[in-house]
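Undergrad: Following the hints, position chains B and C against chain A.
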Amino acid sequence: MKTFIEQLINGLSLGSIYALIALGYTMVYGIMKLINFAHGDIYMVGAFTGFFASTYFHLGFIPSLLLAMLVSLLLGVTIERVAYRPLRNKSKISILITAIGVSLLLENGGIIILSPQVRTYPQIFKQHMYSFFNGIITISNQQIVIFVVSIIMMVGLQIIIYKTKMGKAMRAVSTDADAAKLMGVNVDRTVSFTFAIGSALAAVAGVLVGIYYNSIDPLMGIMPGLKAFIAAVLGGIGIIPGAMVGGLLMGVIEALVSGYGSSLYRDGVSFAILIIILLIKPTGLFGKNVREKV
Amino acid sequence: MSKSFKFTSFIIAVLMIAVIFSGCSKSNSTSTSSDTIKVGALFELTGSVATYGTSALNGAKLYIDEVNKNGGVLGKKIVLLKADNKSQSDESINQATKLIQQDKVIAILGPSTSTNTIAASSVAVQNHIPLITGFATAVSVTVDPNTNKVKNEIFRACFIDPYQGSVMAQFASEKLNAKTAVVYMDDKSDYSKGLAQSFKDQFEKLGGKVIDTEAYVAGDQDFKATLTKIKGLNPDVIFIPGYYQETGKIAKQARDMGINTPLLGGDGWDSPDLLKIAGASALNNVYYSNHFISTDPDPTVQDFIKKYKDAYGTEPDASAALVYDAAGMLVQAIKDANSTEPAKIIDALSKLKDFKGVTGTITINSEHNAVKSAVIIELKDGKQNLVEKVAAQ
Amino acid sequence: MKQILKNRLLIFIGLFAIYGIIQILLSTSILNDYYEINIVLMGINIILAVSLNLINGFTGQFSLGHAGFMSIGAYTSAIITYKLGLPFPLAILVGGIAAGIAGILIGIPSLRLKGDYLAITTLGFGEIIRVIFLNTEYVGGASGLSGIPKYTNWTWVFWMAVITIVLIRNFINSSYGRCCVAIREDETAAESMGINTTFYKTLAFTIGAFFAGIGGALYAHNFYIIQPETFNFMKSFDILTMVVLGGLGSITGSILSAIFLTFVYALLQDYAALRMVIYSLLLIVVMLFRPEGLMGTKEFSLKKLFKKGEKSNEFTLN
Chain A
1 MKTFIEQLIN
11 GLSLGSIYAL
21 IALGYTMVYG
31 IMKLINFAHG
41 DIYMVGAFTG
51 FFASTYFHLG
61 FIPSLLLAML
71 VSLLLGVTIE
81 RVAYRPLRNK
91 SKISILITAI
101 GVSLLLENGG
111 IIILSPQVRT
121 YPQIFKQHMY
131 SFFNGIITIS
141 NQQIVIFVVS
151 IIMMVGLQII
161 IYKTKMGKAM
171 RAVSTDADAA
181 KLMGVNVDRT
191 VSFTFAIGSA
201 LAAVAGVLVG
211 IYYNSIDPLM
221 GIMPGLKAFI
231 AAVLGGIGII
241 PGAMVGGLLM
251 GVIEALVSGY
261 GSSLYRDGVS
271 FAILIIILLI
281 KPTGLFGKNV
291 REKV
Chain B
1 MSKSFKFTSF
11 IIAVLMIAVI
21 FSGCSKSNST
31 STSSDTIKVG
41 ALFELTGSVA
51 TYGTSALNGA
61 KLYIDEVNKN
71 GGVLGKKIVL
81 LKADNKSQSD
91 ESINQATKLI
101 QQDKVIAILG
111 PSTSTNTIAA
121 SSVAVQNHIP
131 LITGFATAVS
141 VTVDPNTNKV
151 KNEIFRACFI
161 DPYQGSVMAQ
171 FASEKLNAKT
181 AVVYMDDKSD
191 YSKGLAQSFK
201 DQFEKLGGKV
211 IDTEAYVAGD
221 QDFKATLTKI
231 KGLNPDVIFI
241 PGYYQETGKI
251 AKQARDMGIN
261 TPLLGGDGWD
271 SPDLLKIAGA
281 SALNNVYYSN
291 HFISTDPDPT
301 VQDFIKKYKD
311 AYGTEPDASA
321 ALVYDAAGML
331 VQAIKDANST
341 EPAKIIDALS
351 KLKDFKGVTG
361 TITINSEHNA
371 VKSAVIIELK
381 DGKQNLVEKV
391 AAQ
Chain C
1 MKQILKNRLL
11 IFIGLFAIYG
21 IIQILLSTSI
31 LNDYYEINIV
41 LMGINIILAV
51 SLNLINGFTG
61 QFSLGHAGFM
71 SIGAYTSAII
81 TYKLGLPFPL
91 AILVGGIAAG
101 IAGILIGIPS
111 LRLKGDYLAI
121 TTLGFGEIIR
131 VIFLNTEYVG
141 GASGLSGIPK
151 YTNWTWVFWM
161 AVITIVLIRN
171 FINSSYGRCC
181 VAIREDETAA
191 ESMGINTTFY
201 KTLAFTIGAF
211 FAGIGGALYA
221 HNFYIIQPET
231 FNFMKSFDIL
241 TMVVLGGLGS
251 ITGSILSAIF
261 LTFVYALLQD
271 YAALRMVIYS
281 LLLIVVMLFR
291 PEGLMGTKEF
301 SLKKLFKKGE
311 KSNEFTLN
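Residue numbers (UniProt numbering), protein chains in the order written: chain A, 1 to 294; chain B, 1 to 393; chain C, 1 to 318.
Bound-form chain A, shown alone:
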């Protein structure tokens, strides 16, 4: 029981990070129907910005986090403007290829500029373990930080989407971009805004990973990017609560597979989940079936 709870907490902290990345995927997909393969690399850039901010400029946790969010946000918006916007009305495949190109560019540019060496995050939070219920639940302060920050971000996102005008515009564009345009919604600005939020959330995930695992490298975005993407599909791509739940579920499933099965099959299981969900319910756990109109 104790082990199980520990595994659950491990899974949830990993899952929170997946969820934060998955949110970006899902929002971009919802609004542009684009699988933004470069998203995992924006997460990497966020992690590195946080690293430089805290190591070389000796900023604290919150300022580093904000700086990382800002840099990633600008990067995300620039990528959208330069690489994706001109292709918005072209075939989906060409925009997908562009996304792959951007992803390769960020990874290899990262190798050139940052060197492939692993960097180690400074210890922003000294490790503490907290025990509850006679040690049945043990949780580290880093895990608490991950949970708290993730929850704040997710609540913030909900507020933006459901309580602000921009959020309304986002929902409108994701439902029907043409109709939204006719209603006077500035589609370009809305898409930029979506990329900005998604990228900022990825940066948060990057900084949290840096603190949690304390090592980062230019290729760190590939695997979490894919996993987060699976998480987004699992929850129903384009659906925001789906991405959160999907991310958490993915984290927990991975922890349980490595804990009780074999860690060898962990990646295979992730993809198996993806396929099962796609074959049984391609719209994901939270998705509604939309019938194609002729």
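One thing to keep in mind: the hints can contain errors.
[As the list claims (entries may be wrong)] Here are the computed distance ranges between Cβ atoms for each label pair:
hint, chain 1, residue 1, chain 2, residue 2, range
1, A, Lys33, C, Lys2, 43 to 53 angstroms
2, C, Asp270, B, Gly72, 19 to 29 angstroms
3, A, Tyr162, C, Phe199, 43 to 53 angstroms
4, C, Tyr271, B, Asn152, 46 to 56 angstroms
[As the list claims (entries may be wrong)] A few chain A residues facing chain C, derived, Cβ under 10 angstroms:
hint, residue
5, Tyr29
6, Phe37
7, Ile160
8, Asp267
9, Gly268
10, Ile273
Keep in mind that the hints were calculated from the coordinates and are not lab data.
We put the CB at the ideal spot given by N, CA and C, even for glycine.
TA: Frame of chain A, contents of chains B and C only:
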């Protein structure tokens, strides 16, 4: 026919002509000048294990620059031609072919991982060009597993997996009095699997029991789930044959979770970055085997560390040190052979004896492995302490 | 009719000329092993790109799992020659058939999905195939199979590529192929015209997978060692890039871009990380300024080049 189509056809035609011409010009320019010696440096400069490749290239460069500064070898300067195999085996073959056929190198240094070296070795063997790897420790690198014949052209500067694994098993069983062990290996790496196997064999031979074998994959970030499982098994020691990027994280996460069991490893643990990744407090009760210890007062070692730091601003890792020695072995062999003919260099390499390198005194045995002593290092608050020197076998 | 025969004859002579010239250059060592490796790689890439184009370009089904089929062909053929010691031609054939069977098995359930969902599913299947090989000790697990005899040479690759191109071209120009194109243009309309879309989609998928398997078999016997890592989703992207760059729905486009990209790759080899940066920039720039690919859905034909204005019925679909 549209205009753009015509344009495209034109572009394609130009490109094809360019292909043909560049092909011709390239093959003409490969005439070898006689006052330089061309040596290929085939490493993982990009891709998943770019870290080892880049520091390996640094190590090779450092040695070759030194030789050139001191007048070269046989009165000739050595030119190091680097090639990137993208951490992929097919690119290793492609690039090894390029180095040998296009650039006409007389020897190749690298690659760093066993799989890529096995791939490149097929080309070196076919073309009778010596290849010295610094870091590839799998047995099948120098011995063809199908025929059990030694690959004449392939050498290495490191010891092989079975040796390290059994050294650590012996240490665990005799010095730490361990009865039970868990092996936690990198499933993507031949090196890690080789060490795990030999550790298991030797440990069980000595009366211990490996109660569980777990695996991770290089590049993983989260080990907590598996560590939680291991914690429940409560073994006497945990053997983690892997590279420092992951073992550092494993050590940190294990200690964070309150696992204070001794952690054992191989030379993959050795890196100045280990301390940064794991943090000093996690690196207690950690033992690993290595080629050398950086606190060794031996002037060769200290000199190397200083030069490396001056040149690149970082501390060398095992990969850099071993390739530095591999380059040294090559230069020594060229001197011994008094020739730059590949066949003679191969001959000299196979007779190499008592070569004094940074990672120990190296003698090449009949299977083209480096016979040299190993050290077992204990980490106390991240600081290296020599526990034992294991004589060469 | 006579004209067509004459053209066929010309094409045949042309093919023999290309084959002969390169064969002479290789056997006289004017082009050394390094060139041979890359020329062979070009041929393999042509097979992969043309076969993927059948699925993605002509049938309009967005597949991202081509590397998975390729790996099945590679591993199956390697087992046949290396482990069982059977002849190479058999290995190529069985490799292709095994990949084709996998194509049916994966195609039937996943082709119900459309667009991005299909892309993700095929990507997932490709990765699962890789994980299965990764965990199979019989084929060497993560370290892969090494010591595969080198049977692939210019002759094999050239004629396999020619066979692939001719068969796929004939398929596309057959009534089956027209059905596939109809599905690409409008699946619902095709279905209402009485086309059994599931059948044709699966058929195209299977044929594509079969040739990918053949490409994989040739690949395995060219590189001495195969490991699961070689066939990860990046490989699928590489093939997809060739198809898109050449033009979705253009066989000659796929051929030209396979040659072009293999060449660019080899040319930039001296620049390590920079090469990947240039490569990715190239991708982005081409997509931004010519998103339909170099050839679009058009085909390159010599006749067109020389006789302006005359409409040719060879190779053209639209």
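Undergrad: Run every hint past the structure and note whether it holds.
TA: Hints versus structure:
{"no.": "1", "hint": "A:Lys33 - C:Lys2: 43 to 53 angstroms", "verdict": "51 angstroms, holds"}
{"no.": "2", "hint": "C:Asp270 - B:Gly72: 19 to 29 angstroms", "verdict": "24 angstroms, holds"}
{"no.": "3", "hint": "A:Tyr162 - C:Phe199: 43 to 53 angstroms", "verdict": "46 angstroms, holds"}
{"no.": "4", "hint": "C:Tyr271 - B:Asn152: 46 to 56 angstroms", "verdict": "33 angstroms, violated"}
{"no.": "5", "hint": "Tyr29", "verdict": "8 angstroms, holds"}
{"no.": "6", "hint": "Phe37", "verdict": "9 angstroms, holds"}
{"no.": "7", "hint": "Ile160", "verdict": "25 angstroms, violated"}
{"no.": "8", "hint": "Asp267", "verdict": "6 angstroms, holds"}
{"no.": "9", "hint": "Gly268", "verdict": "4 angstroms, holds"}
{"no.": "10", "hint": "Ile273", "verdict": "9 angstroms, holds"}
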